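A.B. asks: Sequence:
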Amino acid sequence: MGEFKKNPIATDENYFELADQVYDDQVLEKGKEIKMADGKKWVVIESIDADCQKVKNGLEAIAVVPADKYDENATHYDDIILAFRGTEPTQLADFETDIDQITFGIKTHSKVITPSNSQTIKPDSETSFDTGLKWAKNDIVAKYNPSSLHTTGHSKGGAEADLIAAELDCYATTWAAPNPYGVLSPEAKKRVNEGKMENKATDYTHENDPIGNHTQFGAPLIGKQYTVRQNDTKQGLFTRLTMDGHGRDTFMGSFHSNGSPLLKLEPEDIIRQAQKIQMLSNRLSDIAKNIEEFQRREAEAVQKLKSQLKYETGPGGKYHLLEAYEIDEAISRIAKTKEGGNDYFHDVHMAEELIHLLRKEQKSLSRFGDEISDAANSLRDKDNQLAGNFQFR
0 MGEFKKNPIA TDENYFELAD QVYDDQVLEK GKEIKMADGK KWVVIESIDA DCQKVKNGLE
60 AIAVVPADKY DENATHYDDI ILAFRGTEPT QLADFETDID QITFGIKTHS KVITPSNSQT
120 IKPDSETSFD TGLKWAKNDI VAKYNPSSLH TTGHSKGGAE ADLIAAELDC YATTWAAPNP
180 YGVLSPEAKK RVNEGKMENK ATDYTHENDP IGNHTQFGAP LIGKQYTVRQ NDTKQGLFTR
240 LTMDGHGRDT FMGSFHSNGS PLLKLEPEDI IRQAQKIQML SNRLSDIAKN IEEFQRREAE
300 AVQKLKSQLK YETGPGGKYH LLEAYEIDEA ISRIAKTKEG GNDYFHDVHM AEELIHLLRK
360 EQKSLSRFGD EISDAANSLR DKDNQLAGNF QFR
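Residue numbering for the sequence shown follows numbering that gives the first Met the number 0, beginning at 0 and increasing consecutively.
A couple of the hints might just be wrong.
Think about it this way: if two alpha-carbon atoms lie no more than 30 angstroms apart in a straight line, the pair counts; the simulated DSSO-like pairs of lysine-lysine are [claimed, not checked]:
no., residue 1, residue 2
1, LYS263, LYS305
2, LYS29, LYS189
3, LYS136, LYS68
4, LYS5, LYS223
5, LYS263, LYS335
6, LYS223, LYS39
7, LYS263, LYS288
8, LYS305, LYS288
9, LYS317, LYS288
10, LYS199, LYS39
11, LYS31, LYS305
12, LYS68, LYS31
13, LYS359, LYS4
These aren't lab readings, by the way, just hints derived from the structure by calculation. It should be emphasised that the depicted structure is a prediction, and the values quoted were computed from it without experimental measurement.
Work the whole structure out from these sequences, hints included.
C.D. replies: Shown next, in the form of structure tokens:
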């Protein structure tokens with residue numbers, strides 16, 4: 000099995016729509032057509048509903064291809080997307096899978112064993128992760144030998160999608176997916192630890208989502224995670240208390256026209272913040288310059304005062320009984336410090352230290368602002384590049 004390529008057709012919004020559509024039982028049917036908001040069409044080539052099988056562990060997923068490539072007798076497809084259904088509160092298997100496996104990284108079967116099911120469900124029975132991986136390997140990769148394989152899903156479905164991506168070294172775009180690192184195989188963990196999934200797996204979540212932001216207590220992320228804007232969908236009291244910002248409906252409509260998600264902070268927002276940092280950097284530079292200007296003017300004023308007083312030591316002057324050097328001595332006695340032949344009425348060393356610190360912080364802030372701005376511009380350029388790619392297809 001060679002290295003999978005990135006899907007050249009689907010946008011992030013397409014992945015979300017597939018992750019959303021897979022919750023509908025009607026799409027768990029070979030040959031079912033799924034239409035996207037942007038007009039793209041996909042057709043289901045394979046599906047799995049584990050609750051209709053012996054294992055009954057809550058796994059539900061579909062494999063889709065572009066509608067114009069679909070052939071019911073095909074033995075090969077270039078581009079395949081796998082979409083996994085997420086947690087359904089009405090199904091105990093799903094809920095316990097989330098708690099035991101995702102939260103604690105405990106790879107156990109999720110069903111409660113009772114006298115009525117003890118003959119079919121054993122403690123070491125397949126989990127939804129096991130079944131999903133076996134399905135992806137045997138029913139998809141081995142059967143169709145795709146050039147590109149991309150997984151997607153929401154919530155538990157996103158965790159399953161991430162696990163498949165890490166195990167098969169393919170791509171994933173997920174939504175509010177808790178981190179399944181703890182249940183990965185040693186080989187997949189090694190792949191994640193070495194950063195090989197960094198540019199292959201992307202999860203989008205909301206900042207107030209306790210499930211999508213769960214990382215298995217500091218476990219490495221499978222790829223990257225971005226915080227996106229949440230729409231104004233009203234949540235019920237129970238949802239607000241337990242899963243606020245987690246539902247699929249909170250992502251709907253939160254996309255650019257090119258199919259990319261609206262980030263919590265868009266590149267333009269970040270650039271504006273970078274500009275504010277640069278303004279602060281300039282302010283620090285101005286303060287340092289003002290201190291230096293104050294020192295220069297004070298030195299000039301003291302020299303002018305000395306000249307005026309020394310003039311009065313001449314014949315007929317107010318201080319004709321004094322010598323010029325005595326004027327210098329008198330001013331030096333009441334001055335704070337003497338530096339470079341000049342008398343100052345402030346702590347020059349403290350001022351110089353302050354100038355040094357101001358310039359140091361100014362340079363640091365300036366670099367930081369530049370780095371933020373460069374990163375935002377790079378993100379914007381990449382977004383525009385992707386948009387152009389999709390427009391030409």
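A.B. asks: Which of the numbered hints above does this structure break?
C.D. replies: 1, 2, 5, 7, 9, 11 and 13
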